[in-house]
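**Student:** Listed below are the residues making up each chain.
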Amino acid sequence: MNTKTSKSRALVYGVLTILAVGMVIPFVWMLLASFKTSNEVFSIPMKLMPEIWHGENYQEIWKKIPLLTFFVNTTKLTLITTVIQVLTSCFAAYGFAKVKFKGRDILFVIYVTTIAVPWQVYMVPQFALMSKMQLTNSHLGLILMQAFSAFGVFLMRQFMMGIPGELLEAARIDGLNEYGIFARIALPLVKPGIATLIIFTFVNIWNDFMGPMIYINSTELKTIQLGIRMFISQYGADYALIMAASVCSLIPVLIIFMLCQRWFIEGIAAGGVKG
Amino acid sequence: MEKTLKKYFVVFTVPTLIAFAFAFIIPFAQGVYLSFCDFTTVSNAQWVGFKNYMLAFSGSQGFTRALLFTVGFTIVCIITINLLAFTLALLLTRKIKGTNIFRTIFFMPNLIGGIVLGYTWQQMINAILYQFETTIVSNAKYGFIGLVVLMNWQMIGYMMIIYIAGLQNVPTELIEAAKIDGATAWQTLIKVKLPMVMSSVSICMFLTLSNCFKLFDQNKALTNGAPRDKTQMLALNIYDTFYGKTGYEGVGQAKAVMFFIIVAVIGISQLAFTRSKEVEQ
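Here the protein sequences come in this chain order: S and H. FYI, in this note's numbering the residues of the first sequence are 1 to 275. FYI, in this note's numbering the residues of the second sequence are 1 to 281.
Only chain S is shown next, with the shape it has when bound in the complex (with noise of 0.2 Å):
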C-alpha cells in the first residue's frame, strides 16, 4: 500500500513538474533571448544560451524610442485606472449587494451580461461620442473609459454578498450613516477582493493594447504595448530588443502579483466558484 501511494505521488510531481517546465520555458526564453543579437534569436541549429550576453541591449532600448516616456505614460494611466476603478467598482457593489431597491438584481443581470459584448460593436460610436467631447488623442479619455468596470462590480459584489446583513443593521441601529457602515465595516471585511481588483485592474490597463491603439495617436502619449511594436518597422523587427523590452514591461506586472497572489488567488476562485 505505502508503495504504491508513493509511487502515485512520484508520478503526479512527475508530471506537474513537466508542466510547469512547459510553463516557464517562454519566460525563459524571453529573458534569454533579450541577450542575444537579432539574429541568433533564429539561429540554426537552434541554440538556447547567447553566445555572447548582450547586455547593451537592455540600454539599446531606450535609446531607440522613447521607452522612458511609454513607461511613465503607463504607470500613470494604470495607477490613476485602478484607483479610480476599484473605488467607483467597492461603491456600486454595495449598492447592488447591500441597498435595497426595486429592479437591483435585474439591473445587475443586465449590467453583468454587458463583460461579454465585444467591443467592437459600439467601438466606433464610442470614439465617435469621446471625439466630440475632445477627449480622443488624450490620456483622460482612457482613463475616463475605464473608470467604472461591470467586471469590477460583479466581482466585489461577490465578496459584498458575503458580509452578514445583521452586522450591517446592528451597525444602522448604533446610529452609524450608510458611509460610515460602507467605509468602516464593509470595506476592511472585502479587502480580499479589493485586493484581488487591485492586480486584476492593474495587470489589465497594464497590458491594455486596444484601447490605446485606438485612442492614441502622438508618440509622447503613447503607452509601452504600443511602443513595442515601434521595434518592427517596414525593414524588419529587432527581436532581441522587442524581448528586452518586454521583460521590462513584465517587471513591474511580477512585483505587484507577488506582493498580493495569496489574496488574488482566492479571489478568482470566489469569482468562479459563487458566479
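Calculated directly from the structure, the hints in this document are not laboratory data. Accuracy of the hints is not assured; some may be wrong.
Claimed, not checked - Derived DSS-like pairs: lysine-lysine, alpha-carbon spacing no greater than 27 Å straight-line: (1) K97(H) <-> K7(S); (2) K193(H) <-> K95(H); (3) K76(S) <-> K191(S); (4) K179(H) <-> K191(H); (5) K95(H) <-> K179(H); (6) K230(H) <-> K214(H); (7) K214(H) <-> K245(H); (8) K132(S) <-> K245(H); (9) K277(H) <-> K179(H); (10) K7(S) <-> K193(H); (11) K132(S) <-> K76(S); (12) K100(S) <-> K7(H); (13) K64(S) <-> K76(S); (14) K7(S) <-> K95(H); (15) K191(H) <-> K95(H); (16) K7(H) <-> K98(S); (17) K230(H) <-> K245(H); (18) K141(H) <-> K47(S); (19) K97(H) <-> K179(H); (20) K51(H) <-> K245(H); (21) K179(H) <-> K7(S); (22) K51(H) <-> K214(H); (23) K193(H) <-> K97(H); (24) K191(H) <-> K7(S); (25) K191(S) <-> K98(S); (26) K7(H) <-> K102(S); (27) K51(H) <-> K230(H); (28) K141(H) <-> K214(H); (29) K179(H) <-> K193(H); (30) K191(H) <-> K277(H).
In this text the structure is predicted, and so the values were computed from the model without any measurement.
Given chain S's structure and the hints, the job is docking chain H onto it.
**Tutor:** Frame of chain S; chain H shown alone:
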C-alpha cells in the same frame, strides 16, 4: 425608511448607471443602427437596410472564413484548456506538498499582455520552424496550432484555479461514502466529483468560450492573419474592415453586430446547457 434607502440607491448605484449609459448603452444602440447605414463618420450615416449584412458575406470580405477559423479554434481550445486545467486541479487538490508553488507558476502566463505573448511565441515557434526552413506565416496550419498552444498556455492556470476552488468545495463525506460503497477512483470522479463541480465547469466553459471567440491581441501579434488572412480571427477581421480601407465602415459595423449575436447565442446556450447539469448542494 423607504425614502432614505432611495437616497442611498442614488448615491451608490446611479453614478455607475449613468456612466454605463454613456459608455455602453448609447454607443451600443448607435452601433446597431449604424450597421444598417452607409457612413464614414457617425454624423453622415444614410440608411441602406440590410445591404451591409449582404456585403459582409461576400467572398472578398473574408467574414465567413474568419468565422469558421474562429469557431474551429474555439472548439479545440475549449476542450484542451478545460481538460488540462481540470486534470491539473485534480492533481493539485491531492494533499501534496508544494501545491502553492505550482499554482503560482501555472498562473503566471496570465500576467503577460497579448502583444508580448504573441511576439514571444512567434519567436519560439519560428526558431523551431527555421530548422525546417519554414516560418509560421508560410502555412495556416502552423498559425492555427500556434494560436491553440499559446491560448492553452495562457488560460490553463486561470481555469485551474476556478476548478481547484470547486473541487475543494466537494464535501469529503461524499467522497468517503463513495469509497465505502466500493466506487473506483474513476467512478468517484465521474459520478461524484464532476457533478459537484458543474458550476465551475459552467464558468470555465463560458470564460474560455468568450475569451477565445473575442481573441484579438494575440492573433494580431502572432500571425496578423498571415498567410493571406487565412489565420485571421473574427475580431481582427472586423478591425481590418474598420481601419484597413475606407468606405467599409458600415460593413464592419454589420459584422460586429453579427459577431455580438453569435457570441450571445452560443454563450447563453452553453450556460443554459451546463447550468442544467448543475446539482444543488
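**Student:** State for each hint whether it applies.
**Tutor:** Hints, verified against the model:
| no. | hint | in the structure |
| --- | --- | --- |
| 1 | K97(H) <-> K7(S) | holds (15 Å) |
| 2 | K193(H) <-> K95(H) | holds (16 Å) |
| 3 | K76(S) <-> K191(S) | holds (24 Å) |
| 4 | K179(H) <-> K191(H) | holds (12 Å) |
| 5 | K95(H) <-> K179(H) | holds (17 Å) |
| 6 | K230(H) <-> K214(H) | holds (17 Å) |
| 7 | K214(H) <-> K245(H) | holds (22 Å) |
| 8 | K132(S) <-> K245(H) | holds (23 Å) |
| 9 | K277(H) <-> K179(H) | holds (23 Å) |
| 10 | K7(S) <-> K193(H) | holds (24 Å) |
| 11 | K132(S) <-> K76(S) | holds (24 Å) |
| 12 | K100(S) <-> K7(H) | holds (11 Å) |
| 13 | K64(S) <-> K76(S) | holds (22 Å) |
| 14 | K7(S) <-> K95(H) | holds (15 Å) |
| 15 | K191(H) <-> K95(H) | holds (21 Å) |
| 16 | K7(H) <-> K98(S) | holds (14 Å) |
| 17 | K230(H) <-> K245(H) | holds (19 Å) |
| 18 | K141(H) <-> K47(S) | holds (25 Å) |
| 19 | K97(H) <-> K179(H) | holds (24 Å) |
| 20 | K51(H) <-> K245(H) | holds (18 Å) |
| 21 | K179(H) <-> K7(S) | holds (21 Å) |
| 22 | K51(H) <-> K214(H) | holds (25 Å) |
| 23 | K193(H) <-> K97(H) | holds (22 Å) |
| 24 | K191(H) <-> K7(S) | holds (26 Å) |
| 25 | K191(S) <-> K98(S) | holds (17 Å) |
| 26 | K7(H) <-> K102(S) | holds (13 Å) |
| 27 | K51(H) <-> K230(H) | holds (25 Å) |
| 28 | K141(H) <-> K214(H) | holds (20 Å) |
| 29 | K179(H) <-> K193(H) | holds (12 Å) |
| 30 | K191(H) <-> K277(H) | holds (12 Å) |
Hint violations for this structure: none, all hints satisfied.
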